[in-house]
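Here is how the chains run, residue by residue.
Protein chains: 2
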Amino acid sequence: MDFRCSLKKTVDDSYDIEIGRGLQESLVNDLAGGLVKVKKFAVVTDSTVEGLYARKIVSLIRERGLSTELFVIPEGEKSKTRAMKEFVEDSMLEKGFRRDCCVVAVGGGVVTDLAGFTAGTFGRGVPFVNYATTLLAAADASVGGKTAVDTPLATNLIGLFNQPKKVYIDIDCWKTLPERQLSSGLAETIKHACLGDAELFRFLEENTGKILAGDGPACEYIAAKNCEIKYKVVMQDEQESGLREILNLGHTVGRAIETVSDYTLLHGEAVAIGLTAQARLGQKLGFISPENVERIERLLEQAKLPTRIPEGIDREVLIKKLYTDKKVRDGKLRFVFEKEIGAMVQFGENNYGKQISEEEIGAVLREM
Amino acid sequence: MDFRCSLKKTVDDSYDIEIGRGLQESLVNDLAGGLVKVKKFAVVTDSTVEGLYARKIVSLIRERGLSTELFVIPEGEKSKTRAMKEFVEDSMLEKGFRRDCCVVAVGGGVVTDLAGFTAGTFGRGVPFVNYATTLLAAADASVGGKTAVDTPLATNLIGLFNQPKKVYIDIDCWKTLPERQLSSGLAETIKHACLGDAELFRFLEENTGKILAGDGPACEYIAAKNCEIKYKVVMQDEQESGLREILNLGHTVGRAIETVSDYTLLHGEAVAIGLTAQARLGQKLGFISPENVERIERLLEQAKLPTRIPEGIDREVLIKKLYTDKKVRDGKLRFVFEKEIGAMVQFGENNYGKQISEEEIGAVLREM
Numbered sequence: 001m002d003f004r005c006s007l008k009k010t011v012d013d014s015y016d017i018e019i020g021r022g023l024q025e026s027l028v029n030d031l032a033g034g035l036v037k038v039k040k041f042a043v044v045t046d047s048t049v050e051g052l053y054a055r056k057i058v059s060l061i062r063e064r065g066l067s068t069e070l071f072v073i074p075e076g077e078k079s080k081t082r083a084m085k086e087f088v089e090d091s092m093l094e095k096g097f098r099r100d101c102c103v104v105a106v107g108g109g110v111v112t113d114l115a116g117f118t119a120g121t122f123g124r125g126v127p128f129v130n131y132a133t134t135l136l137a138a139a140d141a142s143v144g145g146k147t148a149v150d151t152p153l154a155t156n157l158i159g160l161f162n163q164p165k166k167v168y169i170d171i172d173c174w175k176t177l178p179e180r181q182l183s184s185g186l187a188e189t190i191k192h193a194c195l196g197d198a199e200l201f202r203f204l205e206e207n208t209g210k211i212l213a214g215d216g217p218a219c220e221y222i223a224a225k226n227c228e229i230k231y232k233v234v235m236q237d238e239q240e241s242g243l244r245e246i247l248n249l250g251h252t253v254g255r256a257i258e259t260v261s262d263y264t265l266l267h268g269e270a271v272a273i274g275l276t277a278q279a280r281l282g283q284k285l286g287f288i289s290p291e292n293v294e295r296i297e298r299l300l301e302q303a304k305l306p307t308r309i310p311e312g313i314d315r316e317v318l319i320k321k322l323y324t325d326k327k328v329r330d331g332k333l334r335f336v337f338e339k340e341i342g343a344m345v346q347f348g349e350n351n352y353g354k355q356i357s358e359e360e361i362g363a364v365l366r367e368m
Numbered sequence: 001m002d003f004r005c006s007l008k009k010t011v012d013d014s015y016d017i018e019i020g021r022g023l024q025e026s027l028v029n030d031l032a033g034g035l036v037k038v039k040k041f042a043v044v045t046d047s048t049v050e051g052l053y054a055r056k057i058v059s060l061i062r063e064r065g066l067s068t069e070l071f072v073i074p075e076g077e078k079s080k081t082r083a084m085k086e087f088v089e090d091s092m093l094e095k096g097f098r099r100d101c102c103v104v105a106v107g108g109g110v111v112t113d114l115a116g117f118t119a120g121t122f123g124r125g126v127p128f129v130n131y132a133t134t135l136l137a138a139a140d141a142s143v144g145g146k147t148a149v150d151t152p153l154a155t156n157l158i159g160l161f162n163q164p165k166k167v168y169i170d171i172d173c174w175k176t177l178p179e180r181q182l183s184s185g186l187a188e189t190i191k192h193a194c195l196g197d198a199e200l201f202r203f204l205e206e207n208t209g210k211i212l213a214g215d216g217p218a219c220e221y222i223a224a225k226n227c228e229i230k231y232k233v234v235m236q237d238e239q240e241s242g243l244r245e246i247l248n249l250g251h252t253v254g255r256a257i258e259t260v261s262d263y264t265l266l267h268g269e270a271v272a273i274g275l276t277a278q279a280r281l282g283q284k285l286g287f288i289s290p291e292n293v294e295r296i297e298r299l300l301e302q303a304k305l306p307t308r309i310p311e312g313i314d315r316e317v318l319i320k321k322l323y324t325d326k327k328v329r330d331g332k333l334r335f336v337f338e339k340e341i342g343a344m345v346q347f348g349e350n351n352y353g354k355q356i357s358e359e360e361i362g363a364v365l366r367e368m
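So the protein lines, in turn, are chains A and B. For the first sequence, the working numbering assigns the number 1 to the initial residue and increments by one for each residue that follows. For the second sequence, the working numbering assigns the number 1 to the initial residue and increments by one for each residue that follows.
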């Protein structure tokens, strides 16, 4: 006996990204104005952003007569764990939060990843908004709906696709970022330029100094460009079946080195090393000229990012770590490659990935 | 500056429920035949079902040349925790499972809830199928897509909506269920009859003995009826905005008493007490006649289910516990009510819930 559950439906996860300076008032106006249909807000932030922006946002929400509580996780990638998610959940439950609430993530990529994942499973899903305070969050976490935590065995492997109700990219917040963090964020921007926008690449070659100095228009320009490029890719492939794999540029090696460094390397720093490795491998395979590999490395250096594997990272441990990547299929490593600068090599319909042997990538990494 | 992410799309989560006897071959045929597009299967089960059915299924999958591993959690509601989900995730990662896998839940409601939730966040979502071995799983977990775990502060509050690729309801497995478990499953069936099917209610009044004795046609009939009734409700309201609340019949008190009993009461036993409480409260409010309340209590007793709060459960602790229910809105308790038997009271458009004071429900519980 068979019974059919027909569950075809149209869903609309559309949302706006507001890019500007000092968007706290705008956020609170939206929350008070019915952006979400609830009146209780869990503001999730980290120990650094707490004093800089999150407390202020909590005050502004309360001034509007709305109910809110602040939940603070320790700053850094090491907070992206299931245990920290559990801590936020339990704290929310203790404070009486149930299904009629909204999560407001205030911080960088770690906070938006963790808070977005937490919102996605709290009461089987409550709405959330992202107030992105870093360039990395603006470049990486604002578009695509990816949320996740790390486990001892792999990064970003436990999580879900969950779209925010709105994202705020507050350029003003970048001023309080340590330069190392701003550089780290530039790695994802450079990645986006490499994979889809030669013009952005040239803009970065000319303006990286200005961006690091906090120039307003230059920062707004790259924030918007990041959203535009990533959106173009993910809107065609939200479930990551094909095209979206190109966003993985620099990340196969990047994620592994980030873990092997025990997070002493920032995400963007690890990605910068990964972008270098991927470009060099691409050169060996004839996908990109030595001149363009050179340009990529020079731009990364201009952005004060590493292009060599630091002393103290064991190349062989790193190579082994590559195989725990969540993109590993049938036990084989896959890489995507730039076609020079601003486009990607396509290997077949919906296929931008190429299997690479341990020898091929190993040779590149041993030279770095 | 604003950027719009337009993410409107059509999704199809339709799936089949196969109801029959000895469906292991059917399951394995489907897995080998491409029901899901992966070739690696994580069979999740509990310590009781492991020896009865799960090992056999693992063997059958291997016989087809497919890759599979068995993951076993301790039997019982206490396994529905975030820690147990983490255990399954870590075990899967250790065995080399990444995103190209499918979770096969073999067991009752605890296993299907936990495994469905685990599948939903493993690699940001991998497919899963449910092989339901209990009447409770057949009645409750096969339709609706609800998956969740419990936390110390609330049951079923951390989870997500996640539809399986297929559900198998194997009536043969009910034969190995302890009678207490079979009775527990009947509580959800009686709930479905109360809220939507007077004919099923009459069938149960006449055939409960047969069902408890394992009569094939009677069991298949109620399995199908359960799916049909629940499907009618959830297909109209998958995100639980209105109508779906009627499935909460008996569960406001039920979930609380289940927790307060520290899970010495089975889920269905707790629901039976909750159904009694809700009917009695409905009688006081004039929604159901004393005769029909009597019929409900008699049917629950025929099914060997409790209709009184056991000795040792502190009524006042229970009343307080009600307020941690995930259905609490603005700090107020909500109940749904039968309109006699086979229909529900509607209080407004999309509104089947009524706010109830602590005094009203307290009076009923103190009398039970």
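Because the hints were derived from the structure by calculation, they are not lab data. Careful: at least some of the hints might be erroneous.
Label pairs and their in silico Cβ distance ranges [said to hold, decoys possible]:
| id | chain 1 | residue 1 | chain 2 | residue 2 | range |
| --- | --- | --- | --- | --- | --- |
| 1 | B | 90 | A | 262 | 17 to 25 Å |
| 2 | B | 96 | A | 90 | 28 to 36 Å |
| 3 | B | 76 | A | 47 | 35 to 43 Å |
| 4 | B | 264 | A | 355 | 52 to 60 Å |
| 5 | B | 10 | A | 290 | 43 to 51 Å |
| 6 | A | 301 | B | 152 | 27 to 35 Å |
| 7 | A | 366 | B | 9 | 42 to 50 Å |
| 8 | B | 323 | A | 32 | 52 to 60 Å |
| 9 | B | 316 | A | 180 | 50 to 58 Å |
Here's a subset of chain A near chain B, in silico, CB distances under 8 Å, partners left out [what the hints assert, rightly or not]:
| id | residue |
| --- | --- |
| 10 | 7 |
| 11 | 16 |
| 12 | 90 |
| 13 | 262 |
| 14 | 263 |
| 15 | 301 |
Chain A stretches covered by chain B per the calculated footprint, using a threshold of three residues with CB under 8 Å from any CB of chain B [as the list claims (entries may be wrong)]:
| id | segment |
| --- | --- |
| 16 | 9-15 |
| 17 | 61-74 |
| 18 | 116-124 |
| 19 | 177-186 |
A virtual CB, placed ideally from N, CA and C, is assigned to each residue, including glycine.
Hints, one by one, checked against the model:
Against the hinted window of 17 to 25 Å, the Cβ-Cβ separation of residue 90/B and residue 262/A comes to about 19 Å, which satisfies the hint. Range check, residue 96/B to residue 90/A: about 32 Å between beta-carbon atoms, so the 28 to 36 Å window is met. Between residue 76/B and residue 47/A the Cβ separation comes to about 39 Å, which falls inside the hinted range of 35 to 43 Å. At about 54 Å, the beta-carbon gap between residue 264/B and residue 355/A stays in the expected band of 52 to 60 Å.
For the hinted restraint 43 to 51 Å between residue 10/B and residue 290/A, the CB-CB distance of approximately 46 Å keeps it satisfied. Between residue 301/A and residue 152/B the C-beta distance comes to about 51 Å, which lies outside the given range of 27 to 35 Å. Take residue 366/A and residue 9/B: their Cβ atoms lie about 44 Å apart, and the range 42 to 50 Å holds. For the pair residue 323/B and residue 32/A, the beta carbons lie near 27 Å from each other, so the given range of 52 to 60 Å is not met.
Restraint check, residue 316/B to residue 180/A: a C-beta distance of roughly 56 Å satisfies the suggested window 50 to 58 Å. The beta carbon of residue 7/A is positioned within 8 Å of a beta carbon in chain B (closest approach about 4 Å), and the interface hint is therefore held. Taking 8 Å as the C-beta cut-off, the interface hint given for residue 16/A holds, the closest approach to chain B being about 6 Å. The beta carbon of residue 90/A comes within 7 Å of a beta carbon in chain B, closer than 8 Å, and the hint placing it at the interface holds.
Using the Cβ-Cβ criterion of 8 Å, the hint placing residue 262/A at the interface with chain B is not satisfied: the shortest such distance is roughly 18 Å. Because the closest C-beta pair between residue 263/A and chain B is about 19 Å apart, greater than 8 Å, the hint is violated. About 30 Å separates the beta-carbon of residue 301/A from the nearest beta-carbon of chain B, more than 8 Å, and the hint is not met. Only residues whose C-beta sits within less than 8 Å of a C-beta in chain B count toward coverage, and the segment 9-15 of chain A has 7 of them, enough to reach three; the restraint holds.
With a threshold of 8 Å between beta carbons, the proposed coverage of the segment 61-74 of chain A by chain B is violated, since 0 of its residues qualify and at least three are required. Under a criterion of three residues with beta carbons nearer than 8 Å to beta carbons of chain B, the stated coverage of the segment 116-124 of chain A is upheld, 6 such residues being counted. Given as covered by chain B, the segment 177-186 of chain A fails the check, having 0 residues with a CB less than 8 Å from a CB of that chain where 3 are the minimum.
Going through the hint list in order, the structure does not satisfy hints 6, 8, 13, 14, 15, 17, 19.
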